[in-house]
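Participant: Could you build all of it, start to finish, from the sequences and the hints given here?
Chains as they are written, first to last, in this note's numbering: chain A, 1 to 601; chain B, 1 to 358.
Careful, some of the hints might be misleading.
[Stated by the list, open to error] Pulled a few chain A residues facing chain B out of the computed Cβ check, cut under 7 Å: (1) S76; (2) V80; (3) V113.
[As the list claims (entries may be wrong)] Calculated lysine-lysine pairs in the PhoX-like style (CA-CA distance at most 20 Å, straight line): (4) A/K136 with B/K273; (5) B/K266 with A/K132; (6) B/K273 with A/K66; (7) B/K121 with A/K88.
If you are wondering where the hints come from, they were derived from the structure by calculation, not from laboratory data.
Beta carbons: idealized from backbone N, C-alpha and C, even for Gly.
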Amino acid sequence: MSNRTLLEIKNLVTEFHTEAGRVKAVNDVSITLNKGETIGIVGESGSGKSVTSLSVMRLIPNPPGKITGGEILFHSKNGVIDLVQSTKKEMRNYRGNEIAMIFQEPMTSLNPVYSCGDQVAEAIMLHQKINKREAKNLTIKLFEQVELPRPGAIYDSYPHQISGGQKQRVMIAMAMSCNPSILIADEPTTALDVTVQKTILELMLKLQQEQDMGIMFITHDLGVIAELADKVVVMYKGKIVEQGNVMDIFTNPQHPYTKGLLACRPPLNRRLQWLPTVSDFMTIDDNGVMHETNKSVAEVTNSLVVTPAETAKKHETLYQQEPILEIKNLKTHFPINSGLFGKAKEFVKAVDGVSFEVYPGETLGLVGESGCGKTTLGRTILKLIEPTKGEIIFEGKDLTDLSSKEMRAYRKEMQIIFQDPYSSLNPRITIGEAIMEPMRVHKVFNNDDERKARVMELLKRVSLLEEHFYRYPHEFSGGQRQRICIARSLALNPKFIICDESVSALDVSVQAQVLNLLNELKEEFKFTYIFISHDLSVVKFMSDRMIVMQEGKVVELGLADEIYANPETAYTKELIDAIPKGEINDIRASIAKKKDNLELA
Amino acid sequence: MFQFILKRILYGFLVLAGVVTVVFLLFNVLPGDPARQLMGQRADEESIRIIQKDLGLDQPLSKQFVMYINDLAPISVHDKDPDHYLYLDAEKYDYSELFSYGASSVVVYKAPYLRRSYQTKRKVSEIIKDYMLETAVLALASIIIAALLGVLFGVISALRKDTWIDRALLFISILGMSVPSFFSAILISYFFGYVITDITGLNMTGTLFEFDNLGDNELLRLDNLILPALTLGVRPISAIMQLTRSSMLDVMSQDYIRTARAKGLKFKTVVIKHALKNALNPVVTAISGMFASLLAGALFVESIFGWKGIGWVLFDALTKFDMPIIMGGVLLTATIFVFINILVDITYGILDPRVRVK
Numbered sequence: 001m002s003n004r005t006l007l008e009i010k011n012l013v014t015e016f017h018t019e020a021g022r023v024k025a026v027n028d029v030s031i032t033l034n035k036g037e038t039i040g041i042v043g044e045s046g047s048g049k050s051v052t053s054l055s056v057m058r059l060i061p062n063p064p065g066k067i068t069g070g071e072i073l074f075h076s077k078n079g080v081i082d083l084v085q086s087t088k089k090e091m092r093n094y095r096g097n098e099i100a101m102i103f104q105e106p107m108t109s110l111n112p113v114y115s116c117g118d119q120v121a122e123a124i125m126l127h128q129k130i131n132k133r134e135a136k137n138l139t140i141k142l143f144e145q146v147e148l149p150r151p152g153a154i155y156d157s158y159p160h161q162i163s164g165g166q167k168q169r170v171m172i173a174m175a176m177s178c179n180p181s182i183l184i185a186d187e188p189t190t191a192l193d194v195t196v197q198k199t200i201l202e203l204m205l206k207l208q209q210e211q212d213m214g215i216m217f218i219t220h221d222l223g224v225i226a227e228l229a230d231k232v233v234v235m236y237k238g239k240i241v242e243q244g245n246v247m248d249i250f251t252n253p254q255h256p257y258t259k260g261l262l263a264c265r266p267p268l269n270r271r272l273q274w275l276p277t278v279s280d281f282m283t284i285d286d287n288g289v290m291h292e293t294n295k296s297v298a299e300v301t302n303s304l305v306v307t308p309a310e311t312a313k314k315h316e317t318l319y320q321q322e323p324i325l326e327i328k329n330l331k332t333h334f335p336i337n338s339g340l341f342g343k344a345k346e347f348v349k350a351v352d353g354v355s356f357e358v359y360p361g362e363t364l365g366l367v368g369e370s371g372c373g374k375t376t377l378g379r380t381i382l383k384l385i386e387p388t389k390g391e392i393i394f395e396g397k398d399l400t401d402l403s404s405k406e407m408r409a410y411r412k413e414m415q416i417i418f419q420d421p422y423s424s425l426n427p428r429i430t431i432g433e434a435i436m437e438p439m440r441v442h443k444v445f446n447n448d449d450e451r452k453a454r455v456m457e458l459l460k461r462v463s464l465l466e467e468h469f470y471r472y473p474h475e476f477s478g479g480q481r482q483r484i485c486i487a488r489s490l491a492l493n494p495k496f497i498i499c500d501e502s503v504s505a506l507d508v509s510v511q512a513q514v515l516n517l518l519n520e521l522k523e524e525f526k527f528t529y530i531f532i533s534h535d536l537s538v539v540k541f542m543s544d545r546m547i548v549m550q551e552g553k554v555v556e557l558g559l560a561d562e563i564y565a566n567p568e569t570a571y572t573k574e575l576i577d578a579i580p581k582g583e584i585n586d587i588r589a590s591i592a593k594k595k596d597n598l599e600l601a
Numbered sequence: 001m002f003q004f005i006l007k008r009i010l011y012g013f014l015v016l017a018g019v020v021t022v023v024f025l026l027f028n029v030l031p032g033d034p035a036r037q038l039m040g041q042r043a044d045e046e047s048i049r050i051i052q053k054d055l056g057l058d059q060p061l062s063k064q065f066v067m068y069i070n071d072l073a074p075i076s077v078h079d080k081d082p083d084h085y086l087y088l089d090a091e092k093y094d095y096s097e098l099f100s101y102g103a104s105s106v107v108v109y110k111a112p113y114l115r116r117s118y119q120t121k122r123k124v125s126e127i128i129k130d131y132m133l134e135t136a137v138l139a140l141a142s143i144i145i146a147a148l149l150g151v152l153f154g155v156i157s158a159l160r161k162d163t164w165i166d167r168a169l170l171f172i173s174i175l176g177m178s179v180p181s182f183f184s185a186i187l188i189s190y191f192f193g194y195v196i197t198d199i200t201g202l203n204m205t206g207t208l209f210e211f212d213n214l215g216d217n218e219l220l221r222l223d224n225l226i227l228p229a230l231t232l233g234v235r236p237i238s239a240i241m242q243l244t245r246s247s248m249l250d251v252m253s254q255d256y257i258r259t260a261r262a263k264g265l266k267f268k269t270v271v272i273k274h275a276l277k278n279a280l281n282p283v284v285t286a287i288s289g290m291f292a293s294l295l296a297g298a299l300f301v302e303s304i305f306g307w308k309g310i311g312w313v314l315f316d317a318l319t320k321f322d323m324p325i326i327m328g329g330v331l332l333t334a335t336i337f338v339f340i341n342i343l344v345d346i347t348y349g350i351l352d353p354r355v356r357v358k
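Facilitator: Take a look at the structure:
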């Protein structure tokens, strides 16, 4: 233990009371954090990484949760304190003052009824005992520091008036407001666009070096922290399975789970048949015993590579066909400013003159930042939103001419899988009913018995069990729910499926499984996909061709590999640069850079 | 903001126009001759005819409707010719002339004319004016009691979820919701005003202003307010409590509450400043609806406690089929609802910046 030690978590155990009995969400976890150091805590949802951080803040919801063992030693200016034993009043004094936290969801982490500035100033006034005017000046200075545009105006803005990235900057300003010695960041960039993520990560790194803070960075994606973290802790089912410095973890992972996490990120420099998953490295038998497969990351990925020649051959046959879908000069405008009698004066041009074709059996990727109109485009193609202008020609028939009754026949052919598997399933309808409903509507099969048999088949096809037919959505994890949504869209035997950010809400490890499933199904049922995502790496992995969208317009359209290799517009370049790649050379460079900065200081 | 309010007021007028039409049609299809009711069974044909002319009953329904609308409108068109069906009768209207046109037509500005009671021959608008104060005082008192206690109990219940306090409060609130007001009125009046009247010093019945024993001075009797206000508050308290409870439970699990706690704020500050302001939106809607219906008069409770308010008048009018008063009461209720709804929309804007119009 050196005098730079900030926080020592020793043998921490945090338990939750559930219907199934007591569950150890965090089981015997020990982590040491030093000044000026960043520790990345990595794991999938439910691995206990967030619970660990909330335990440090003593913000575990009680009941049902409780810290039942271990100690959390905080080396404060006034000596070493065990946070587990601290009183509520002492804890309040540390929270926001010595130990600050940034949360995953900037959208919901700010109180909607108070202005951004007030919420930051509140923390300052609380801990620094200064008056409102000084607090306001300090807040505006902080807003400048976190590089918010027009700090004065943002001070008076309400959270709904600013963007997600700006909200996260406000959260960071709030966390930094009292110069904390420890900053806990719980998936601070997961809900943000890659380009925004990049700037936020750079900002955190800069602030850390200025203030010699210790950062605990929690994430499900190893790539995100590659260039940020000094040490990495990998958690699995409440336990630490591996920890070490970032270089060792990336070059020589020991635990099969770590290998799985490293391998399951869609690679950018080559094309794979499918993505390796954790199960390529380890299997768990019925008794819960883990078996390693003893393969290295490189072995597994190398066996899956598709050569450019193979890809070219596939594309040759693909693009000789007649297109299944043609979009011609499609426009979707939304009225914003309506006058006294509801007549629109101004419009948001969400989709503004888009044209492209989709060929049978192809996956067309659609990538762009949030607000670029990609989701609106997807929904307009299905006429879930009425287009303002343009043609949507599906198998030679212009869908814009059809009445909603005629359109219904085509709905069977075209399906959509939504982003959020949590809210796109009705919580009061069983899984089986949810999948069966579209079949009933479109009178597929003669009776419910036949339909039920089909649902059972579909459930098995997406790796769920027949007995899940009678269960309700809340009993499933995010990945399982997305499988249910996939099964539901398969129920009608569609030809054409739009995947709208279908894996964005999932952990990388689960994302890989769902992407693989989508690809298998495509081969099996000869689907055509439009795959929409803000994540260029995922889109590149999935698609044959891709479209880059910006402000409702197509800025680039071409073969995915070519666009990635030779981006023509600055916007595409920016998107590609912002992807956290987690490559060894980048990590090495960032470590060297950090060292330089330290020596300079 | 101004445009927003203007829009709401325009919508309000549309709603009122709808109500007026429906009320007019409903009461015209009901059986019974108003002239007969006004004059009694032994009236002679001649006076019946005069009354019918006065009420416009000799006119076709369309003209009657025009008359009715014209009577209600604050700015209306009339004729100085006594035979004209829109005759500007000084007996009916309390007006000031704006301008005249044509031979004998005038446009006037006036208070809405709601016709006269069949029973007392008094103008309905005067009757409403006389009794409105008592009802307003009662409604205000009970809604304040209900809002304060309801929100307080709701917050306590939410913060102590699944403890005995929560269960007890929930049980009582369900009880409060399920007891009809005429029953609780009798119970409360009997118990507090009779059984333990020596301790409470309250009467079973009584009104806001009473004459002293000599009948000379009118006295303000606020103590008479306590029991009816409490009775009327029983249901709102229960409803507000349950709403606040569920709303608070929802808000307390939000991410921004965690943020507030991570700042190191006191739990009390987190609850009152960060949670309650968010939780109050649905409660405000509920309170406004309840307040509006209380303002329209509580028929049973006012009758049982002998509280001389709109409810009491309406109860009386209903039993005697006094159409103008009933119609006036319905219009009053509708107006109050429309008005309160506009107020609520403005309150929303104050509570929640997200609904504020840019």
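Participant: Failing hints, ascending?
Facilitator: Numbers 1, 2, 6 and 7 - these are the hints that the structure violates, sorted from lowest upward.
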